[in-house]
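K.L.:
Letter by letter, the chains look like this.
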Amino acid sequence: MSLNLTEISLTAPRETRALFAPLSLSVAPGETVCVMGPSGIGKSSLIALIGGHLPRGFTTRGTVTLAGTDLLDLPAEQRSVGVLFQDAQLFPHLSVGDNLAFGLRADLRGRKARREAVEQALEQAGLRGFAARDPATLSGGQRMRVALMRSLLAAPKAMLIDEAFARLDADLRVEMRAFALRHIAARRIPALMVSHDDQDAQAADRMIRLSR
Amino acid sequence: MKRSFAAAVAASLMLASPALADWAQTKADAKGQTVYFNAWGGDPRTNAFIEWVSQQMQAKYGVTVEQVKLSDTGEAVSRVQAEKAAGQNSGGAVDLIWINGPNFLAMKQAGLLHGPFLNELPNAKYLDLSPGSAATTDFTVPTEGYESPWRLAKFVFAYDTDRVKDLPHDMAGLSQWAAAHPGRFTHPNPSNFMGATFLKQALVEMAPDAEALSKPVTDESYAKETAPLWAWYDKLRPNLWRKGESFPENESAQATLLADGEVDFAMFFDPAAPAAMIKQQVLPPSVRVWVPDEGSIGNMSYVAIPYNAAHQAGAELVANFLLDPATQAHMQNIDVLGSYSVLDPSKLDASAKEAFAKLPTAPALPTLAELGPTLPEPHPSWMTRLTEDWAKRYTK
Amino acid sequence: MIAIRALFTVVIGAPVLIGVVLTLGLALGWQPGLGQFDPGIDAFAQALSLPGFATSLRLSLVTGLGATLGALGVSLPLGLWLIGRAGAARYLSPLLAVPHAALAIGLGFLLAPSGWAVRLISPWATGWDLPPDVVTVGDPWGLVLILGLMLKEVPFLLLATLIAAGPRDVAGQMATGRSLGYSRAQVWRLIIWPQLYPALRLPVLIVLGFSLSVVDMALVLGPSNPPVLAVQILRLFSAPDPEQARPAAALAVILLGIMGLCLLGWLGAERAVATLGRHWLRRGRRIRQKQSLSGPFLAILGLMLGGGSLVILGLWSVAAFWRFPDALPPGISLSRWQAADWAHPALSSLGLAAASTAIAMILSLIWLETEDRLARPMRLGWLIVMPLLLPQIGFLQGLTTGFLWLGLPPGPVAVIWAQLLFVFPYVMIALTGPWRALDPGLTASAASLGAGPMRRLFRVKLPVLSAPLMTAAAIGVAVSVAQYLAVLLPGAGRVPALATEAVALASGADRRLTAITALMQAVLPLAAYLLALALPLWLHRNRRGLRGGLT
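Chains as they are written, first to last, in the working numbering: chain A, 3 to 214; chain B, 22 to 417; chain C, 249 to 799.
Don't read these hints as lab results, they were simulated from the structure. Among the clues, some could well be false.
Said to hold, decoys possible - Computed footprint of chain C on chain A; a stretch qualifies when at least three of its residues, placed anywhere within it, have a C-beta under 8 angstroms from a C-beta of chain C:
1. 43-55
2. 87-93
3. 101-115
4. 193-200
To be verified - Below, in silico cross-link-like pairs of lysine to aspartate or glutamate (DMTMM-like), each with a Cα-Cα straight-line distance of 20 angstroms or less:
5. B:264 <-> C:387
6. B:52 <-> B:191
7. B:129 <-> B:141
8. B:105 <-> C:286
9. B:300 <-> B:356
10. B:256 <-> B:410
11. B:105 <-> C:417
12. B:368 <-> B:141
13. B:186 <-> B:43
14. A:159 <-> A:207
15. B:300 <-> B:183
16. B:52 <-> B:87
17. B:300 <-> C:589
18. B:413 <-> B:241
19. B:186 <-> C:617
20. B:417 <-> C:387
21. B:129 <-> C:491
22. B:300 <-> B:181
23. B:264 <-> C:491
24. B:413 <-> C:491
25. B:413 <-> B:266
26. B:256 <-> C:381
27. B:413 <-> B:141
28. B:236 <-> B:356
29. B:81 <-> B:141
30. B:146 <-> B:43
31. B:256 <-> B:191
32. B:379 <-> B:356
33. B:146 <-> B:356
34. B:264 <-> B:314
As the list claims (entries may be wrong) - Each pair of labels, with its calculated beta carbon distance range:
35. C:289 <-> B:365: 23 to 31 angstroms
36. C:528 <-> A:174: 34 to 42 angstroms
37. B:383 <-> C:585: 23 to 31 angstroms
All C-beta atoms, glycine included, are put in the ideal place defined by N, C-alpha and C.
From just these sequences and the hints, can you work out the full model?
P.N.:
Dropping the structure here:
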């Protein structure tokens with residue numbers, strides 16, 4: 003169930019030089035690896051490549067497999083790769099509960115069962131009774147927790163974190179990071195986190211530095 | 022009764038010689054005026070002719086003629102009605118209307134016309150204004166000098182000789198032809214003048230008592246005279262283009278269908294129209310005119326002046342110019358318009374006669390003999406009734 | 249503020265209200281000009297018993313709702329396809345600029361049984377030496393009319409979609425949705441588009457109102473026996489028998505009522521669809537879908553029909569006698585271009601467009617600048633919306649009577665005023681966005697340099713906004729040139745214009761004349777758009793930040 007990157011390199015549109023030296027990496031289930039590097043080296047692009055959200059025009063080399071499946075040929079929605087974005091990306095027109103329900107995997111059938119799953123996720127996020135709330139009324143930390151729970155409800159086989167904690171206050175950042183890593187670890191899935199924050203790297207199981 | 026009244030009016034018109042002093046005054050009043058000539062704009066050659074009239078009027082009298090191109094003459098009539106409704110009894114927008122039959126009757130009855138003015142026009146002397154003549158009755162309604170003729174109208178069919186080899190002889194035969202060639206015949210929607218004329222042509226041919234048609238319609242006469250018509254039409258309709266569910270909007274739209282080969286017949290109220298359209302490369306050169314053996318209905322096209330027209334003097338001057346023998350000869354030229362003159366040849370002087378004799382001819386232009394006899398129009402009330410009844414019967 | 253509010257109420261609001269009131273009055277037997285008042289509802293009874301009334305009503309509903317639903321339905325996959333393509337909006341504006349009448353005439357030339365489409369494949373593929381006796385243009389269900397309306401309305405809705413999407417992080421939401429296992433099409437339908445819909449509501453309702461009451465396209469493409477309600481009303485209003493005016497007014501009132509009911513029905517249906525959508529979304533069903541081709545397919549189809557319509561107009565305008573089933577005319581001839589009087593109506597249309605657009609621009613600037621200076625909204629939004637939502641035939645005939653009654657005879661002034669009712673709202677809508685988006689820092693810093701309000705307006709705001717101003721003017725010209733009823737009714741035929749000439753000629757015999765007029769009608773707004781694109785580029789050739797061009 004591990005996430006394997008082999009000789010990955012990325013070239014931005016209308017550039018000839020790759021963003022970083024070819025990267026090979028294996029992330030085991032339950033393990034969190036932090037990828038560090040100066041800004042502009044392509045950390046977010048790496049996340050986008052694995053998640054399937056890379057804008058048109060990039061050239062890619064190498065392979066990415068998840069549990070033995072080659073990911074790069076699959077459309078994003080079939081990769082089972084959850085992404086936690088910097089700005090949480092809660093859908094503003096849906097209630098907190100509907101945001102979670104939208105994420106919840108489809109094979110859990112029945113209106114009641116699904117509602118209970120959403121309630122349970124809220125409970126785990128310390129947001130009991132928040133189902134009907136408008137996402138716009140949540141604090142930054144609350145939003146991030148909802149976004150993480152939404153991703154996990156979709157039962158991803160790997161999780162990507164794109165500088166998700168950078169915008170939070172220092173105290174909140176520690177708490178949120180611990181919350182996220184705890185929940186990801188509990189699901190025994192590989193996780194890849196990109197960051198330029200040393201604390202993120204320390205919290206992760208392993209750290210890799212991208213270089214040109 | 023009606024006849025003798027018409028005769029009396031016509032006679033009075035003949036007696037009243039044009040007051041020349043008045044006419045000089047009219048000319049003076051007209052100078053500098055812009056006459057809004059409301060005329061059906063669907064025929065480019067007519068539009069071009071009116072453009073020519075405008076140039077001539079400008080040069081001769083300092084009068085500008087501006088054609089207001091109507092898609093239906095009713096538009097101008099309702100315009101005058103709206104003005105009257107709004108209390109605008111002078112300075113109206115419509116100065117001159119190309120008008121006929123029911124529209125004339127409607128305006129005359131509603132008191133929306135200026136006149137009588139025909140007897141004031143110097144060129145009226147070239148017309149045959151004897152009692153009951155074509156130039157004094159419009160669809161059996163006495164014109165009483167409230168309108169002035171300008172071109173001859175006669176109902177004709179046009180057909181493509183390349184495709185139609187078995188021409189029928191009359192309207193009854195047309196139904197058999199359509200049965201043999203389903204989908205190849207149609208007629209304009211009877212809410213349009215030409216569509217209504219098609220029904221009238223059949224009515225005139227089939228009505229048991231032709232005399233009844235010259236009198237205003239009654240429920241009784243209508244039921245009796247139209248029975249054979251509807252029986253014939255019910256047989257014809259399923260064999261029409263698009264199974265008689267829809268119809269071309271007017272004669273021009275049907276001419277396009279003929280040109281495209283969607284149908285094999287078109288119909289016109291101007292015998293020269295097919296020849297003119299061949300010249301314009303609108304119709305193929307193989308098109309010729311066909312008239313039912315017993316003849317077809319015909320009348321004259323008129324111009325009338327609304328009671329509240331802003332430029333009545335200019336409008337009278339235009340009406341007079343249209344009757345000028347030189348204008349009529351120009352109009353009858355197939356290279357110009359090809360419309361037959363309304364003047365009485367016996368009243369023309371030698372030079373005018375020669376001008377008509379020298380006009381060029383064209384293969385698709387029928388001779389007067391080929392056009393056959395002219396059948397009288399029914400009273401306008403018949404047309405109104407036919408149109409309404411057709412809409413009730415066949416609009417679902 | 250009061251004086252300015254009064255100005256807009258009188259110039260834009262009053263004519264619409266007068267038109268509606270006089271139409272309603274006429275339907276109920278009140279004719280103030282004639283001093284006649286015999287109240288009664290017999291005009292309605294008359295209207296309801298007209299031959300084919302039920303069919304006309306059905307036709308109007310089918311074509312109006314069908315075109316709206318169809319346009320919205322097609323705009324969904326097309327919107328998804330265009331959303332990631334930068335500059336897509338740039339190509340939509342010229343499509344929008346083609347007037348309805350011109351497009352309808354071209355589409356008719358293309359799709360008739362003897363039209364270009366059939367000629368291109370006949371007789372080699374079809375065996376047809378004569379056109380087939382099938383019903384296309386003018387079909388009894390109004391399908392070709394729906395198609396024509398959709399060709400015009402889809403670009404409009406797409407542009408509205410792209411503008412609504414502009415400030416949103418569509419790419420981010422798309423990535424989020426896909427990372428949860430949903431296909432692009434599903435994320436678009438369930439997540440992104442519902443957020444855009446509030447901004448689409450007004451455009452959609454405008455499309456609905458327009459489609460229910462369209463006259464020019466219906467005259468060219470719609471069935472004729474009976475026609476749609478709006479055409480039936482026009483026919484009755486212009487019938488020679490004055491007695492027909494009252495049932496015509498009654499029908500116009502009925503059409504107004506239908507519009508109202510459809511509007512309420514639509515708003516109700518919106519809620520039902522939103523509820524259904526939420527239920528669907530809560531079930532979490534992921535639909536596996538290969539890359540959808542419907543977007544590009546629809547785009548190509550639309551461009552073929554729209555582009556084909558314009559090309560066939562060009563072809564017919566220079567064709568010698570062109571017999572079925574030849575794929576191309578046997579010869580090219582410029583004789584009609586030389587003979588036909590197309591310059592006169594073209595100049596007239598241009599003059600009307602220039603006048604109504606100039607007035608609309610000035611009014612819009614007064615409105616927006618007043619709001620800025622008083623820092624308060626005008627609260628006159630209904631003025632913008634009303635002329636666009638109400639069926640034109642429901643108030644323009646009444647307005648013409650009202651103009652006469654008030655001493656304004658039919659002519660260019662009446663036409664310009666009537667056009668202004670439609671030009672102003674679009675110019676205003678086009679200007680409001682860029683105006684409000686203007687960086688307030690710019691005017692603030694100008695003020696701090698001692699510039700008064702006038703100097704700030706003329707030296708800062710207007711130059712900075714020159715690109716959107718040009719675009720708004722181009723839209724104004726396009727709206728003006730496309731007006732049909734607003735020329736026909738208040739102009740009393742005295743004011744020549746390309747729209748009325750083209751529609752009148754469309755039922756004439758000479759396709760080349762029709763083609764020339766329709767082509768000119770299409771060329772005018774396109775030229776205005778090109779100018780709007782080119783002028784800011786030239787004006788700001790040294791200012792990269794201001795070269796916006798078309799939005």
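K.L.:
Against the earlier hints, flag every one the structure doesn't satisfy and list their numbers going up.
P.N.:
4, 6, 11, 13, 19, 23, 27, 28, 33, 34, 35
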